[in-house]
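2 protein chains.
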Amino acid sequence: MGEITKAACIGGGVIGAGWAARLLMNGIDVALSDPSPAAGEFVEAALANARAAWADLVDVPLPREGRLTLAASIGEAVAGAGLIVESVPERLDIKQAVYAEVEAAVTPEAIIASSTSGIMPSDLQAKMAHPQRLVVAHPFNPVYLLPLVEIVGGEKTAQATVDAAMAFYAGLGMKPLLVRKEIEAFIADRLLEAVWRESLWLVKDGVATTQDIDDAIRYGFGLRWAQMGLFETYRIAGGDGGMRHFLAQFGPCLSWPWTKLMDVPDLDDALIETIAGQSDAQSGQHSIRELMRLRDGNLVAILKALKERGHGAGETVGAYERGLAAKS
Amino acid sequence: MGEITKAACIGGGVIGAGWAARLLMNGIDVALSDPSPAAGEFVEAALANARAAWADLVDVPLPREGRLTLAASIGEAVAGAGLIVESVPERLDIKQAVYAEVEAAVTPEAIIASSTSGIMPSDLQAKMAHPQRLVVAHPFNPVYLLPLVEIVGGEKTAQATVDAAMAFYAGLGMKPLLVRKEIEAFIADRLLEAVWRESLWLVKDGVATTQDIDDAIRYGFGLRWAQMGLFETYRIAGGDGGMRHFLAQFGPCLSWPWTKLMDVPDLDDALIETIAGQSDAQSGQHSIRELMRLRDGNLVAILKALKERGHGAGETVGAYERGLAAKS
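Sequences listed follow chains A and B, in order. Heads up: the first sequence begins at 1154 in this note's numbering, then just goes up one per residue. Heads up: the second sequence begins at 1154 in this note's numbering, then just goes up one per residue.
Please keep in mind that the hints were generated in silico from the structure rather than gathered at the bench. A couple of the hints might just be wrong.
It does not matter which identical chain is used: a pair holds within one copy or between any two.
[To be verified] Here are the simulated DSSO-like cross-link-like pairs (lysine-lysine), alpha carbons at most 30 Å apart as the crow flies:
{"no.": "1", "residue 1": "Lys1334", "residue 2": "Lys1357"}
{"no.": "2", "residue 1": "Lys1309", "residue 2": "Lys1280"}
{"no.": "3", "residue 1": "Lys1457", "residue 2": "Lys1357"}
{"no.": "4", "residue 1": "Lys1357", "residue 2": "Lys1480"}
{"no.": "5", "residue 1": "Lys1309", "residue 2": "Lys1357"}
{"no.": "6", "residue 1": "Lys1280", "residue 2": "Lys1457"}
{"no.": "7", "residue 1": "Lys1457", "residue 2": "Lys1309"}
{"no.": "8", "residue 1": "Lys1480", "residue 2": "Lys1280"}
{"no.": "9", "residue 1": "Lys1159", "residue 2": "Lys1357"}
{"no.": "10", "residue 1": "Lys1457", "residue 2": "Lys1334"}
{"no.": "11", "residue 1": "Lys1309", "residue 2": "Lys1480"}
{"no.": "12", "residue 1": "Lys1334", "residue 2": "Lys1480"}
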């Protein structure tokens, strides 16, 4: 899998187009299969964003871009591809139908990587002829820029497939994180889901608006998490006693009645309107395209700042630069 | 309160010392009252970190530092102080006893700001002689550097107290966030608690180590949250359909069995040892002091990067610089 020169992207929504852009930026040809006539344009837009971001982010010459082709069918897209990136809607039956179509057209060696954010790989591969080639590679928006990709194998996934995926995505300038046990939603989305649920309660109960919650994050712990994460930050909070002292102090709070533990808020029309209306008030002055540029510009600025310090996500960028320099 | 020239810090732990450092950096004299003989040294260490951070962060001359004095008692510390910053342990009875001692020694005009991260101001002020002066000003580590401070008034808090607090903390280069309804744990800690609880499950179930979880955050959504927060990021994920489209897509996931909703993990000795041991493996090569320098250096780098783009936390730094320039 280290010698992938052609990939197929099945599904070209926000995630699929982001994958296509990242692959193309790394000199890999991409054949795209998506029922929407706008999919090609969508990938080109993501690619334009990716070009701008990476030109600013790295100080070494970027690879010659891969070639994008639009395929008329899944079978046509996957022909000759060493990697098939599946980013279709989050329904098991739809994904399994795609795999059947893919397997009918490729050799058993081609790897199929699902972008699912929640479905377990053992379920995804249950009906496959060659399930050993199926791996979950779960990325994060914007896929062409954020380093994290969660790698999860199922019961029938070959170790060689997992190993190849870990190496391949690292080569794309990403941070592959091996998920040790197969669970629904893996690691990051379990955390995101917890925050999302709590945020819905805060909005529903009128404690905070979407703007308040975003500000509570981006002026506060978001700045900590961009570079250290949760546990290392708390280790510091424990002082010289470190994590043990922190746990001794903080542990009891777990039984405090702080969060809406027992229940999931009903996302009814009223709550949807509240959230959407607040979001309009907060961000409606920018188009989505403007927000994307703003986000990407900020991400590049942060990654550059961390690159110079060789820490966290900056390490990924530094390693990528060294890899490119070694190749050129 | 806009003319505070002397403050008293009651409690000089991580939070209290951080407050003292931020106040001193802004030219405000601080009298510290803490039973520990090491408290003065602790504040000096925080102040040294704050000096290094702010000298790097802003391009305008910093104010002349305030003077730190160590008081032998609460009464001595608060004499002549316009602001009393209470950062004692999170127990209502301890805090109420402190307020009684404070009120016996100051005029009714002096404002008492509690650093509590969870106790409601109405409870804090219940036994006060002049409860209108009590406000929660909940900061985040490192207090001398992170902009966010949650401002929460209780039933008896005067609007003038809340208004004065909002203005005062903005003047310190912070982002005061007014919490619209009084709830336990306010906004940020409700979100943090949700992530923390979920993280404990992931570690307990052997799905992820502390290092895995930190990496899932700092290579992924932590980078997004440092500059946009949750809702604006998701608005982008909704594409041109914005937040309404995102909610339509994502909403159903709320009923998926992803998170350990119903239960709080038992933080028993085994789990404490697992977490502390993993944290040692992850970060034990650095002393806490080294980790603090690493964290602060990264935060400064990120804030500088955002300052140049005038976005999010960068706006706070820009406003602070303009404020300093106008004064000098």
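Hints and how they fare:
1. Taking the closest pair of Cα atoms, Lys1334 and Lys1357 come within 30 Å of each other only across two copies (12 Å); inside a single copy the shortest separation is 34 Å, beyond that limit.
2. In this assembly of identical chains, Lys1309 and Lys1280 lie within 30 Å of each other by CA distance solely inside one copy; the values are 11 Å within and 64 Å between copies.
3. Taking the closest pair of Cα atoms, Lys1457 and Lys1357 never come within 30 Å of each other, the shortest separation being 38 Å inside a single copy and 35 Å across copies.
4. Within a single copy, Lys1357 and Lys1480 get their C-alpha atoms no closer than 53 Å, and across copies no closer than 42 Å, so neither meets the 30 Å cut-off.
5. Only between protomers do Lys1309 and Lys1357 lie at most 30 Å apart by alpha-carbon distance; the minimum there is 25 Å, versus 43 Å within a single protomer.
6. Proximity of Lys1280 to Lys1457 under the C-alpha cut-off of 30 Å is found in neither arrangement, the shortest distances being 44 Å within a copy and 52 Å between copies.
7. Taking identical chains as interchangeable, the C-alpha atoms of Lys1457 and Lys1309 are never at most 30 Å apart, the minima being 40 Å within one chain and 48 Å between chains.
8. With identical chains, the CA atoms of Lys1480 and Lys1280 are never at most 30 Å apart, being 40 Å at best within one copy and 71 Å at best between copies.
9. Taking the shortest alpha-carbon separations for Lys1159 and Lys1357, neither the intra-copy value of 47 Å nor the inter-copy value of 41 Å comes in at or below 30 Å.
10. With identical chains, the CA atoms of Lys1457 and Lys1334 are never at most 30 Å apart, being 33 Å at best within one copy and 39 Å at best between copies.
11. In this homomeric assembly, Lys1309 and Lys1480 never come within 30 Å of each other (Cα to Cα): the closest approach is 35 Å inside a single copy and 68 Å across copies.
12. In this assembly of identical chains, Lys1334 and Lys1480 lie within 30 Å of each other by CA distance neither inside one copy nor across copies; the values are 35 Å within and 57 Å between.
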